[in-house]
Structure formats: structure tokens, C-alpha cells
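Colleague: If you're matching positions, the sequence shown starts at 115 in my numbering and goes up one per residue.
For the record, the hints were derived by calculation from the structure and aren't laboratory data. Hints may be right or wrong, so weigh each one.
[Said to hold, decoys possible] With a cut-off of at most 20 Å between alpha-carbon atoms, the simulated SDA-like pairs for lysine to any residue come out as follows:
1) 207 with 173
2) 207 with 248
3) 207 with 176
4) 168 with 124
5) 207 with 194
6) 207 with 143
7) 168 with 128
8) 168 with 199
9) 207 with 127
10) 168 with 216
11) 168 with 211
12) 168 with 192
13) 168 with 213
14) 207 with 165
15) 168 with 212
16) 207 with 218
17) 207 with 252
18) 168 with 218
19) 207 with 195
20) 207 with 186
21) 168 with 140
22) 168 with 189
23) 168 with 243
[As the list claims (entries may be wrong)] Quick list of simulated restraints, FRET-style, between CB atoms:
24) 207 with 132: 49 to 59 Å
25) 203 with 181: 18 to 28 Å
26) 143 with 249: 21 to 31 Å
27) 239 with 195: 49 to 59 Å
None of these values were measured; they are calculated from a predicted model. Here a beta-carbon is modelled for each residue, glycine too, at the ideal position from N, C-alpha and C.
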Amino acid sequence: MNEQRIMRTSTRSRRLNDFLVRINYQNVCRFSYNNIDAATYTRNDRYRQLITGKCLMKRNVIREAHRLQIHDQRIINLATNIIWNFRLTTSQKDHFTTLANSIRVSRIDNTDTINRALQLNVLQVTNNSFEDNIFNGINFRDFNNIPNP
């Protein structure tokens, strides 16, 4: 049992080292997306986690791992930690962190947009009740005259 665990660990260690040797660090450190792209990514993120600079860098590591046909999540996580802690300069970390902070602010500061959407009260002209229900919403006051079963 212990031998199998040691073998798995040594195999994973070799695969991690191989990935770290083959990775293109220019792609990992690239800031190829703007605030809108990154905000869209975080909005579509199924975990809805608090976005950090390390999360944004991990996105690049995942892209690079897929380019190298590596799909082991443990390898990707270990590589992300090693790159963040030992390979990135302070200014690169600061840039990722600043971008993450601006995304968080843009996600929080959308109250004006929500208030404007709530004030929309112009009804759409439609040809039938189905379209009216789709575009203007269902008016439940019309259902008050229907007897309950």
C-alpha cells in the first residue's frame, strides 16, 4: 500500500517537473485579457469564488496545461503554487492582484445598472398573449378570476 502511494507520488512529481520544464512562462505571465474579459470569466465561473491575482494567473496555467495536453488538476494546482510563489516577480504578482481587485470592484459596483434595469417600464407591443407574456412578463392579476381546483 505504501509502495503504491510512493510510486504515485514519484510519478506525479516527475510529471510536475516535466510540466514546469515544458511550460512557456511568457504565456503564463501574459496579461492578454482586459477587465471585461476577466469579469466575464469570473461571472461565468461555476464556483463563484472570490477572485484573486493567483486565480487569474491560474487561468493562464490551465490554458498552458491544455496546450501541453496535461489535464491532471493536481499537477495544475501544484504548478500554479510553484509559479506564483517562486517564478513570478513582485511586479507581476501586483499586476495580477490589481486586475483582480478591479474586477471585484466592477462586480460590486453595478447598483446603478441594476437600478436602471428595474426602472424599465415600457411595454412591448406584441401580436398575441404568448409574446406578451414573454416580452412583458406574466400578469398574475389576470389569474384571480380562475377558480382554484
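Colleague: Hint by hint, say whether it matches the structure.
Modeller: Checked hints:
1. 207 with 173: holds (14 Å)
2. 207 with 248: violated (47 Å)
3. 207 with 176: holds (17 Å)
4. 168 with 124: The hint is violated at about 26 Å.
5. 207 with 194: holds (12 Å)
6. 207 with 143: holds (9 Å)
7. 168 with 128: Given pair residue 168, residue 128 is violated - Cα atoms ~24 Å apart, limit 20 Å.
8. 168 with 199: holds (10 Å)
9. 207 with 127: violated (25 Å)
10. 168 with 216: Roughly 14 Å separates the two Cα atoms, so the pair holds.
11. 168 with 211: Given pair residue 168, residue 211 holds - Cα atoms ~7 Å apart, limit 20 Å.
12. 168 with 192: holds (12 Å)
13. 168 with 213: Since the Cα atoms of residue 168 and residue 213 sit roughly 11 Å apart, the hinted pair holds (cutoff 20 Å).
14. 207 with 165: Judged against 20 Å, a Cα distance of about 14 Å means the pair holds.
15. 168 with 212: holds (11 Å)
16. 207 with 218: holds (17 Å)
17. 207 with 252: Violated, because 50 Å separates the two Cα atoms, which is more than 20 Å.
18. 168 with 218: holds (14 Å)
19. 207 with 195: holds (12 Å)
20. 207 with 186: violated (24 Å)
21. 168 with 140: holds (16 Å)
22. 168 with 189: holds (16 Å)
23. 168 with 243: Not satisfied, since the Cα-Cα distance of roughly 50 Å exceeds 20 Å.
24. 207 with 132: 49 to 59 Å: violated (25 Å)
25. 203 with 181: 18 to 28 Å: holds (23 Å)
26. 143 with 249: 21 to 31 Å: Given range 21 to 31 Å: violated, Cβ gap about 47 Å.
27. 239 with 195: 49 to 59 Å: holds (57 Å)
Checked against the numbered hints given earlier, this structure breaks hints 2, 4, 7, 9, 17, 20, 23, 24 and 26; the rest are met.
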